[in-house]
Structures are given as C-alpha cells and as structure tokens.
Amino acid sequence: MATSRGSKGQTETAPAAVRVPHTRRLTIIAKDPGVRLEGGAMLFARIEIPAEDLAPGPTGYRVKVVDFDATAGRLYKPLQHYQAPDGTLVDPFRADDGEDVGALAASHQARLLADPNFHAQNTYAIVMRILARFEFALGRRIEWGFNGHQLNVAPHAFLDANAFYSNEDSGLMFGYFKGKSGAMVFTALSHDIVAHETTHALLDGLRDRFTEPSSPDQAAFHEAFADIVALLSVFALPEVVAAILGAPPRGKDDGGKIRGIEPDKLTLAALQSSILAGIAAQLGLELDGLRGNALRQSVLLEPDAGLLASEEFAEPHRRGEVLVAAMMRTALTLWRSRIETLGTLEFEGKGGQYNLDRVIEEGAKVADHLLTMAIRAVDYCPPTDIDFGVYLAAFLTADAELMPDDNRFRYRETLRATFASYGITTPGGGRCADDGSWRGFDAALPVNYARSHFESMLRDKDEVFRFIWDNRRVLGIGTRATIKVGAVRPSIRQSPDGFFVRETVCTYVQIANIFGSEVKSVLGVDRPEELETTRSITAFGGGTIIFDQYGRIKYHIAHPLNDGERQKKRLASLGEIDGGETAFDRRNRFALLHAARASD
Amino acid sequence: MAARRPSEVVIFTYQVGFGDCFLLRFVYASMARHVLIDFGTMGLPKTAESGRMLRIANDIADKCGGKLDIVVATHRHADHISGFATKNGAASGDIIAALAKDAVVLQPWTEAPDLAVDAEGPLPDDHQGFAARRASLASMQGFAAELVAALAAKPPRGLSKAALDQLAFIGRDNIANLSAVENLMAMGKQRIYAYHGLAVDLRKVLPGIKLRVLGPPTLKQTETIRKQRAKDADEFWQLAPQRLAAEAALGTGSDELFPGHPFARATRLPMEARWFARRVEAAAGDQKLSLVRVLDKAMNNTSLILLFEARGKKLLFPGDAQIENWAFALAQPDIRALLAGVDLYKVGHHGSRNATPKTLWNGFANRGGQAKKGRMTALLSTMPGKHGNADEGVRSEVPRTTLLKALADDTHLHSTHTLAPDTLFEEVRIKLA
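First to last, the sequence lines map onto chains A and B. Just so you know, the first sequence maps onto residues 218 to 817 in the numbering used here. Just so you know, the second sequence maps onto residues 65 to 497 in the numbering used here.
A portion of the hints provided could be inaccurate.
Stated by the list, open to error - Capping the alpha-carbon separation at 30 Å, the derived lysine-lysine pairs in BS3-like fashion look like this: (1) K378(B) <-> K469(B); (2) K469(B) <-> K785(A); (3) K786(A) <-> K469(B).
Claimed, not checked - Computed beta-carbon distance windows for the label pairs: (4) D398(B) <-> G693(A): 40 to 50 Å; (5) D623(A) <-> A309(B): 53 to 63 Å; (6) P305(B) <-> A258(A): 27 to 37 Å; (7) A789(A) <-> T331(B): 45 to 55 Å; (8) E735(A) <-> P305(B): 46 to 56 Å.
FYI, nobody ran anything at the bench for these hints, they're computed from the structure. Backbone N, C-alpha and C define an ideal beta-carbon position, used for all residues, glycine too.
Okay, chain A solo, but in the shape it has when bound (with noise of 0.2 Å):
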C-alpha cells in the first residue's frame, strides 16, 4: 500500500483498488441555516457528487479548500478524513443513525454548525455538485475562469457580510458577519450563495469576454446566471421541494404511504407565496436587501414587457432580477402543468387531492431539467455582448438539438411565452427560426473544407483559426481586427433517442482599438455625440460556431464587428467617466453583496 507524507506529517494512504464508485455522497446544509422543518429542524440533505481520494482540506482534483481567516489570522485545521483505510470513502458528518435527509437530531446540528470542517465540507461538496452539473450539462470537463485545475475556497475569509469569485485570487471568498440577532451568519453555509459564486467561476470559464463593459444586458448576466443556476440548483434537491411545501421528511419507517396535498396549495400564487417563504431564509431577515431581496424580486415581479425599458431596471443587479424572474416564472408554470397531469385522488375521505410526493418529484424534475438547459444554453450562445434575448434564443436551440419534440410538457413554448411577458423576445433580423432558435448555417454556402483536418479540428485552436481565415468571406469575418479563437471544446451528449450528440464548440472574438474618429467605418453607427474623436476604445466582435458530428459548420452564432445596432447600445452605456476599470474593481467584480449596495 503506498503512502505519502503530508505535511504536519499526516499520513495520506492511497485507496484499495478494490472497487471504484464513481460519485459519493456528502452532507450539507440543503439552503441555508435559515430554512427550518416544523419543530425547528434545520433541513441536510445528501448530495451526489464525483468521488475522488479527497487530500486534507478538503483538497481535491478540481477544488482547494482553504480554510484561512484573515480577520482573525488563523488557519483553520482540517481534521476530517474522507476515506477509511481500507479505501472505502466516507462522509464525515453523516448523521449517526445514517438518515439520509432531513433533520439531524438538535445535537449533531449543533456540532457541525459549531465545526468549521463541516463548514469547509459544505462548500467543497456545493462547489464540486455544480461543476458537475456544468459537466453533465455540456458533456465534457470545464475549466474554471483562470489559469489553474483547482478552485481555492476560503469558507471563512473574513468578516464581512460579502462572499465572492475573484479571477485574481483563482478563487472563491465567502465572509461571516454578525447579523441583527447577534449570531454569526456564514455565508458558506448558505447553499444558493456558494452555487452562486461557483457559477461565476464557470461562467467567466466558458465566456471570459463576458465581463467585459457592455450593454446594461451584459452587466446583468453574470449576476442573472448565477442566480439562476443558484435557485434551480436549490430546488432541484426533492428535500427543498417537500420543506417548502411544508412536507415533513420520509422517515424509514413510513411503510412508503401515499401523501395527500390540497389542490389550493399548488395554485400559482400558493406555490409563489411557498418558495418565498422558503428563500426569504437566513439573509434575507439577518441583512434585509442585501442578498434576501433580490431573490424575493426573482419571484414577486411580475410579468410587465415594460419592464427592461424603465429607468429603475436600468441598474445591472435590478436588470438582472427580471431574467431571473422570467425564468422562475416558467419553472412555476412547468411545474404546475406538470401537476396537472398527475390526476388527483381522494385520500383520507377527502377527493380532489394530489400525491404529495409526486408533486415534490415533478417540482425537482422541472428544476433539475431547466438547470441542465440553462447551463446548456452558453454553449449557443456568442462570445461577446450577450444579451438576455440572444439568451433565450441560445437556450431554445440548446433544448431543440436534444428533444426535437416538444410537445409533451411545452417547455419551449411556455419559456418564450413567459420571457416574452418580461419583455425578453429572441433577436429579430432572420437570426432566428420560427420556433426562436438560432437559424442553422445555411448548407449551402461555399464553405471550404478541404484544407483544414477533421481530426485537429476538434481539439486545435490553431486548425480553427486556419479554418476561420479560410472561409472568412463566407463567414463574413473582417482582416483588420485581431481575432482570436478562444475555444475549442468538443461535447458530447446523449440524447432521448440513446443515441449521442457530438458536437464541437468554437469560439473567436475580433478585438478593434479604435478612435472615435472610426466608429462609423469600422462599427457601422454613427458616432455617438460624447464620444470624442480622439477618444480610443475597443470594440469588440466575436462568434461560436457549432460543427456538427462530421466537422461541418452547423451554427455560425455571430456578433459581427459591425452590427451597428448592437455597437450603437453598447457604445451608449460605455459610461460617464472613464470606462476604466480599476484593479480593485476587477477583484470586487463578482462581490455577492457588493459595496456599491452599501451606498446610496
């Protein structure tokens, strides 16, 4: 058996290699501290995750716990060992009497919110259940948004009612602060906020440009993603489902009997008033506004097309609730037909009545489902200027290419239907086809082949780029900005059929340092007035092109350099002042509870 010294002389043994599971089972806070069962139980739940021979921290292949406090100087130890001798993987802080879910008898909670190593296991399990979620979702490994395999995470940083994803620090910082009440409030132990942040860590992964200053659309999406990968990733877990629907746990011994629920509490306005209750939740109350409010809005706003043009919506973090919103509409309204098709039956002498526990699974199956097909969606999506239209027009081709059929549930139907009453339609100008999917590329057009290898083409940036500069005409893609091909990422899915869906994601973006003087020629849109002559600024193009599984063009996403329309809304909120940004700004990009809401 070999064996390894660790630093401090603890001793890592390598596992048997008697059998080798491929996911294990971690527990964590299933929300947050806030969300309790009746009685006053805080709700765990067991998570499915990848397994892997975990290093003190824990440490593992994709993230590096850190468990370092500034504000007090300390480093926490990690004490916990995630695998017995003999090689088989365990999970620390499962509760003693091996419940599964649910509550923890009032002691064992007591112990692990008062252990700092649960604290670091909660976030190492969220984080890695995330990352697996963007793998499952895009049917290959993903890399975090800098340079490096493993995501550092301080579940203590310091404190500060804060936690965020820094690219410079190749990590995540989640802060603690004392709320109104008096006790310490973790943000690492908040499900929703630790999923938010590793989202932005992906996010910026798969689209780097994407923090770039653009339309207020762009400055929103990085917050609206994150929350809603956040949200959909709380709710597909049955345990939050059956919590908020006030739901006690399945104990063991229930013999698996039928549960009833009443029709009025699955209303639309019922089932709101439910997920409200269940997200207003720990920081919501402790710091009202900070964190709790704009979840609440995700819910509450309501449908209006007006929305994005009013002045109030203008501000990236409000502009950001209203795809949010959209989103968790259509998760509600999936849901509820969803429901209906369950029939009802009558249960304890009372008729009209649904199965409780179907109702539970249909909710985390709608969550699960739209989750897979947001994170999807960035695959179709442009390198540059995202807008929340281009969204869903990229989240409808997602969902085409693998369910062709959409009539059972409606899914696309009811999501364009929904965004559209948010005001959120997909991009006009014959991009999109009837159903609001991204056009294919057209077969026709005289696109050469013949110098480039299919082999390196799936895995070379420097194949794609000969093959971009090739066909550049029929790609329309202009020579005198500097392109760079980002990506080259071959997924592969399954689809209902059984059969697999390969494809080959690329992207490229053109980056243009011009001066005002040449926003006409070069952008295609009249100089805006405050934009002086002499001023320079860079523009950006870019497109993703989606080769279908004979390395043949099927998807040309592209966000030409001069679409004058697009250049012309982000030349307009370039900004008052500078533009510039600052390196600290760059540090507090993603700061959950930035200090911007601190102000005014």
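Keeping the supplied structure of chain A fixed, place chain B upon it in accordance with the hints.
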C-alpha cells in the same frame, strides 16, 4: 438700476492643499458682497506655515471688510469644513463665525437638524426616510472614526503602504468634526438647508444674482431609482459599528469563531495554504478600502451643487458631488441646456475621475482651445498624492491625469497645486458688465 447688478466677480481660490476654500466678491457700483464657499483642508502643502488656516481666515476678514454675506458648506467632509472648527474663541472658525453674524448659511438638506424637519424642513412628507439617512450618515462618520483608531492600533496585513495611507486618509476625512459642524449649525442669521430645485430667494443679499440649487436631490426625488437600495444602505451603516467591534474581538483572540478548534497562526501556515491565505488577506484589506470608499462617496454625494447666474454669466460650484448626485440634475434636458453655458467651473472633488460627469463636461459650450471666444475658466483646488492611486491599472489618482489634461487644453485653468507653496491665494476676475 445698474447699481443693483454686479459689474464684476472676483474669486479668491485659497491654497489649502487638499481641500476647498473660495471667496467670491460680487462688485457693485457702490458696494461689494461676499460669499464664502467651503473652508477646509486635509493636508496643507508640505512647506506651508502651521498657522495657514488662521492666516486665511484673517485674510478673508480683510477682503470682506468684516462681513460675509453668505457662507456655504457644501458637505461635511473635513477637507471642506475643517476651517470652521472653533477653539476658545481664537480658531479660524471663530473668526469666520464673527464675520458671518448676519450671513445666510447654506448647507445641504442632510445637515438639517431634526427640529427644522418638523417645522419647514426639506422633507415634510418623509420624516422617516430623512431620519434614517441622517442616522446612516452619522453611523458612517462613527465608523470612520473607529476605523482610523483601529488602523493606528493594528494595521491589517495584506495592504500595501499606499493602500494603508489612503485608507487612513479617507477615514480621517470622514470623521465628524464636531466643533465645525456645531459652528455651522449656529452660524449666521438665517440657515437654509437646500436640495435640488429649492427656490432660494437671495435678491436682498445678492441683488441681481440668481442662485440655483441643482443638488443634492432629496430621497423623494431619487426614490424611483433607489428606494430599496437607500434603505439597505441605511441599515448596512447602522450595523457597521458592531462590525468593527466584532472584528477587533476576533483579531485579538478575545472572541473566537470556533472555540477549541485547532488552528495555525497566520505566520506559521503550512506550505499548501500560504499562497491563497495571502490572497485572502489582500482581499480582506480591499474590502475595508471599499467600505471606506463607499462612505466617502456617500458623503460626497450630499454635496450642494450651486449655480450662480449674474448678468448672463454662470458660475458652477458643485462641491464634491459625484455622478450619483449629478444624475438627477443631468437627467433633465432644461438643466443640461442651462449648464451648457457655464463660464466658470469649480472642478468637482479636487479633480477625481468620477466627479466631472462626461455629460456635464461634453455639454460645456464654452470650452475649447486658446483661440476659443469666451473660453471658460476652471478652478481646481487640489494636491496630488493624497487621495487615490496612480498605479498602473488603478487610475484613481486625484487629480485624474486625463481630466487635468482636458482642463488645461480646453479651459483657462487655475489650479492651486501649481502655485508656489507660500502663495496664499489665486485671484480670478470675471467681468460681468
């Protein structure tokens, strides 16, 4: 009739280092009227004599012939009001108070004492909001004071010397200067707490001159945009003192997050934790700096923005107003049109990057090269190396290099930082007739 209109305005820009102090003299046929706009410093030029502020107060007394007609305190930052501080009847603030016995004292609505709100204050319909905002500004100043004390006692790791200096500088600027505030609260014959659009009738004091208040907006005026955020902010700042106390307790080990759990000290970290631990320390320092900047900005945004109009000439004094304060005024086309004709611009916030909005600057019709007819004048009171940071990529230095260049190219620029250190003031005359 001509006697009732000024024929000239003389502006004395005092050299207070990093701070503001302007004395305006409106010259009439048979009299003169004097307006003092701000009197404070956060750092005199290195070679300035120690009694500089007193010397300035005496010079003001000379220049105004013993009587100030209007005193303006744009906002309560030390670099704008420290000169109003009193001490045993002999400090610079005591001298000003004596000159201002019959003056009208103009301050932003956020300075209004509670009583004024009940009587004829700025926001008869939003007492709660007003009280919360006041409490929040007071909390910010309390926070600044404790922060400066904490910094002096135990400088946090992970911050560069420059960042620490900046933290301390902004912190000190935000500490409440009680004697100055109280002096202003009791100064003069009439006190006006102004906000955007308030009709201030000063015809008797300044005949032939129209004074417009363009900022700060009231809570009500901005509520459509920021109602919730303002509430969040107030709450946040009210919790801030607790935060510092908790921080101190954890830092000294008198309180522990996880009592009994084994730990390694920051100086004895295992190899695998070191790199990221340093990053966490740096981020923690940044968080602190960000808080201080936020409170600095919030205070700047209580600044009065005043526009004097005399015989078609327009003089703009925006204090330290930043974009959030400006936004309300600049959103209105008629105000933008009005501002296009500005002849003299007191550069906002000592020339920082975010106090001269592009919309404002680009709108100025009278800016242009040397040959420009009726070229506007700009007054800049500043001192480099105090506030902000010119490091590559940071671009927050004050005064901002690019703005300085634009000002020098397109206006008659008078800046205190180019004066000889012993020069007391710079004089600018604008003919009105």
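The hints, checked one at a time:
1. K378(B) <-> K469(B): Answer holds: K378(B) to K469(B) is near 23 Å, not above 30 Å.
2. K469(B) <-> K785(A): Satisfied, since the Cα-Cα distance of roughly 28 Å is no more than 30 Å.
3. K786(A) <-> K469(B): holds, 29 Å
4. D398(B) <-> G693(A): 40 to 50 Å: holds, 45 Å
5. D623(A) <-> A309(B): 53 to 63 Å: holds, 58 Å
6. P305(B) <-> A258(A): 27 to 37 Å: Given about 34 Å between the Cβ atoms, the range holds.
7. A789(A) <-> T331(B): 45 to 55 Å: holds, 51 Å
8. E735(A) <-> P305(B): 46 to 56 Å: holds, 53 Å
Hint violations for this structure: none, all hints satisfied.
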